[in-house]
Amino acid sequence: MATMERSSMLLAFCALWSLAALAESAVNYAHLLDVRPDFVDPRGVLSGWSPGFDPCGWRGVTCSESKNHVLALNLSGCGLSGTLSSKIGGLRSLETLDLSSNSLSGSIPSEIGMLKNLKQLLLYSNSLSGHIPPELGLLKSLKVLRIGDNSFSGAIPSQLSNCIELEVLGIAYCQLSGGIPPEFNNLSKLKILNMEKNRLGGTAPEELFSGCNALRVVSMADNMLQGEIPSSVRELAELRTLNLANNHISGSIPPELGKLTSLNYLNLLGNKLTGTLPPVLNQLTELRVLDLSSNNLSGTINAISTMHLKNLTYLVLSNNHFEGSISSDLCTESSSLQNLFVAGNSLTGTVEGLLSCGSLRSLDLSNNTLTGTIPSEIDSLVNLENLVLHNNSLTGGLPPQIGNLSNLQMLSLFHNGITGRIPVEIGKLQRLQLLYLYENQMSGGIPDEIANCTGLEELDFFGNNLSGSIPEMIGNLKNLELLQLRQNGLTGRIPPSLGYCARLQALALADNRLSGELPASFGLLAELSLVTLYNNSLRGPLPESLSSLKNLSFVNLSHNKFNGSISPLLGSNSIVKLDLTDNCFSGEVPSAIGGSRNMTRLRLGQNLLSRRIPNEIGQLRWLDLLDLSFNNFEGNIPIEISNCSRLKHLLLAGNGFSGEVPAWLGTLNALGELDLSSNQLTGGIPPELGNCSSLLKLCLQDNSLSGSIPAELGQLTSLNVINLQLNNLTGSIPAAAVKHWQKLYELRLSENYFTGGIPPEIGELVELQVMLDLSKNQLSGGIPWSLGKLTKLERLNLSFNQLDGQIPESLQQLTSLHRLDLSENPLSGEIPEKLSVFPASSFAGTHLCDAPLSSCAKPMDGKMARLSNAAVAGIVVAIVSTSAVVCMVLLCMLVKVWSKWMEVSVSNSDSDAGEEGFGEKEGVQGGANGKYWKVEAMKTVGSSEKQSSASETCTVDKDGGN
Amino acid sequence: MAPIPMLLVLLFAASPASSSNSEGEALHAWRARLTDPTNVLQSWDPTLVNPCTWFHVTCDPQNRVIRLDLGNSNISGPIGSELGRLEHLQYLELYRNNLKGKIPAELGNLKNLISMDLYGNHLQGEIPKSFAKLKSLRFLRLNNNKLTGSIPRELVVLSNLKILDVSNNDLCGTIPIGGPFANFPLQSFDNNSRLNGPELQGLVPYDFGC
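Here the protein sequences come in this chain order: A and B.
When we follow our numbering, the leftmost residue of the first sequence carries the number 1, and every step to the right adds one.
When we follow our numbering, the leftmost residue of the second sequence carries the number 1001, and every step to the right adds one.
Among the clues, some could well be false.
To be verified - Pairs of lysine-lysine residues, derived as DSBU-like cross-links and limited to a Cα-Cα distance of at most 35 angstroms, are as follows:
#, chain 1, residue 1, chain 2, residue 2
1, A, LYS743, B, LYS1111
2, B, LYS1100, A, LYS743
3, A, LYS789, B, LYS1146
4, A, LYS67, A, LYS116
5, A, LYS789, B, LYS1135
6, A, LYS743, B, LYS1129
7, A, LYS834, B, LYS1111
8, A, LYS87, A, LYS119
9, A, LYS87, A, LYS189
If you are wondering where the hints come from, they were derived from the structure by calculation, not from laboratory data.
Kindly generate the complete structure, drawing on both the sequences and the hints.
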């Protein structure tokens, strides 16, 4: 019975146990199904998760041997989205949960803290957000926690420090803020700590480094950590990788770093480190990568030597304040150094010290102040692939030995003082992809051998003194994408073979003396986007084949002698900027011009283009500048231009445009410069122009405009220059408008039929400087006293009017005046004394008298006779006192000057007396300094001259403006 | 290997190496340090071949900058030393703005300058001695600023200088008397409380009262 009892009890217990086990299994099974609905599973990877099958065979599920427990759930990279269900907490036996590399969103449920057996939690690379749940700190068995590359925000929960088994903690690439919890020093088993790319601030805690002795990898790059590198870093004897790049760490590099003898990667770039390089860095014999760039480090770089750092392959010290020369100890013969970057410092001396560094593949010493030459022994650096020495002060020639660097891919020497010829040996560099020699002083020809560098993608010799012609075989460079030979003295034609550089995108040959025609082979450059040929002597019509260049975007052929039609350029609908200024293009502007809808600048000035502007110009809605000046266009200014509402410059001067100045100009409210001068425009100035509130220059001169100046122009308060001269304008100068032109520095209204007086308001335009020209009108009345306020004015012309009365004394205050013309007016009276310095011609044709004209006929005797006794006495006193003053001068001239100052400063004199001689120099200089007077001449005179010369022949000099 | 980016447009147009547009680069470099609340510098596009179509910039027919007109433009910031690179500049008109800081000595390199109007700003520091190199200068208006120090005696060599206005500053010392200074009216020096009158050579130190 007892036995039976016992066995039945055993049986019962077994049944109970298996029941319990079944129940346990069922719980897991149910929880897996509970978790599932919150996943969105577009690929159907969970389709096998159904109650009819053994859950241990479900995708991603790993069970214990007994099949009673789900130990792992691995659904990494299964394309899941949706959220992680809070029901996950039910899977109590889980040891591994890997949902990494999915698109899960939402937050980590706090129930995760119920998974007490969890050893690995991998949720990295999802779109999870919210806070990191502090409940993770309940996971005492957790060894690996990798939840980075999500959108977590908030602080790192200090509770994580309770996970004392933790070996790997990855929380990089999130938006975590706050500091690093000091409690992390509990994590004595932590080997890998990755917190890169967050918003962590505060200091790197001293405790962290002192407690976590097992650390092998620490990366806190791309955060906002402050303070110094804790000296406790020396405790991290196992450390292999230390990356603190791109933080705000300050202070010096702690010498304690020298204790980290296992370190092979040290990156402190992009901090605020100061001080010098500690020599103890040489103890880091395992170091392979050392990057200290973009700090404020100073001193020399010679504290580091590859004699000690035998494994160092990368040494990056760029963008600091290092100075001094490069010692030959920096890189010795036995070194492993392959990449040495010390760009952007203040290094001096030569590059000779590096010649034994035969392991070098990339050397970047650009943006320093290195001097000396590129040594001929440069070919001892046989492994060199990239040699970057631009922006230094290197002199001497480019040695022929450069051709022995057969691995060279990049040679960047621009902006130095390199002289001499380009060695023919350059042709041996078949792997060369990028050759920048621009902005040096190299001379001689471009060697034909350059055509052997068939790997070349970018070739830039801009800004040297190269002469001769472009090598005929340039077309061998099939990989060439950029060819810039701008600003040299190259002559001859553009070789037709250039058309075979089929990948060419940018061609800049401007500022040379190239001649001949464009080869028809240019039509093969299908990739060509930018072409600048300005300031050469290229001629002839553009080849028709150019119309197949569909990618042309930036075209500048200005200042050449091209002729014929511009239509071959208009095959492209991608043109953004087109500048053909100062050529001999003729014919009509084709309507295809409207095809490049993104065009911002269209400059066709100084050509022989004729007929009407095509209406399609109105399709260029992004046009910022339209310059059609000095051509033979005719007809009305087309209303379609009003669609170009972003126009800032509208330059139509020097054509045969007729009709009225269009009222729609008032809708172009971005307009800053409007030049319609030298056309045949008639009618009035439209009042709508007053709406162009940004207008700075308004030039309508040399037309046949009539009517009066509309008062609305007073709204143009930004105006600097107004030129309405040589029209048929009538009425008075509108005082109400004038007073708003406070920023005007040039005002020309001459050669019209203005009547009435000069409005005194002109005197309020105190910034008038270049010219006030009201000459050749029918202005009457007196010269307003207020004109004396124009103290900056340099030229004043009121000649050929009906001005009468006296010259106001106030004009003597025009102290800046160089040129004055009041001639041919019925002015009378005395010329104020200070104006006598101007030549007689300034006052010709008036009734004025006194210097420089003949003196006013007033008998001196009569004046004397009328003197009273008191006056006589005064004169006597004056004579005596003058004598006294003369005596004083003889004694001490300087004391006299002193006393005069005292007198004036005490009485706060308002007189402008006594500065005799002010003008004497002036009359001489005004005429003598011819250069000075040229300033104004160009604007008004240039136009008609240019046009007549252009229309006759196309051999004119190319110094015309654009 | 730090890659050197191949940016076509940058290389061709805005590259700091394009010396042919050094004037545009100088202006643009200065602009980068200015505050421009009313966008008067909006048209200053550094990718253009030259700055001649920028508003407030005037060029000669050779496309060299001869005028810079930014008077009354609400700009603030420093006067850039870069402006000293505009070697053909004749008119530097920066009056009535909120420009601060010192007048850079590099402006003394503007050997073609005819007029320098910096009046009505908040400029501090001294009048650079390097202005003695401005041999073409006729108009120098520095009034209504906060300039200190003495008037450099070196300026007496500016034989073309016709107008000098340094009134309403905080200059000190004595006024030079040589060269063009013989002709400047005393109002040009008004309201500099520590300015002590014309220098008495040999009697009073040149920087008396500074």
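Going down the list of hints, with the structure as the test:
1. A:LYS743 to B:LYS1111: holds, 27 angstroms
2. B:LYS1100 to A:LYS743: Given pair LYS1100 of chain B, LYS743 of chain A holds - Cα atoms ~22 angstroms apart, limit 35 angstroms.
3. A:LYS789 to B:LYS1146: holds, 25 angstroms
4. A:LYS67 to A:LYS116: Holds, at roughly 19 angstroms.
5. A:LYS789 to B:LYS1135: Measuring from Cα to Cα gives roughly 27 angstroms; hence the hint holds.
6. A:LYS743 to B:LYS1129: Roughly 31 angstroms separates the two Cα atoms, so the pair holds.
7. A:LYS834 to B:LYS1111: holds, 29 angstroms
8. A:LYS87 to A:LYS119: With Cα atoms ~19 angstroms apart, LYS87 of chain A and LYS119 of chain A stay inside 35 angstroms; holds.
9. A:LYS87 to A:LYS189: The given pair, whose Cα atoms are some 31 angstroms apart, holds under the 35 angstroms limit.
No hint from the list above goes unmet by this structure.
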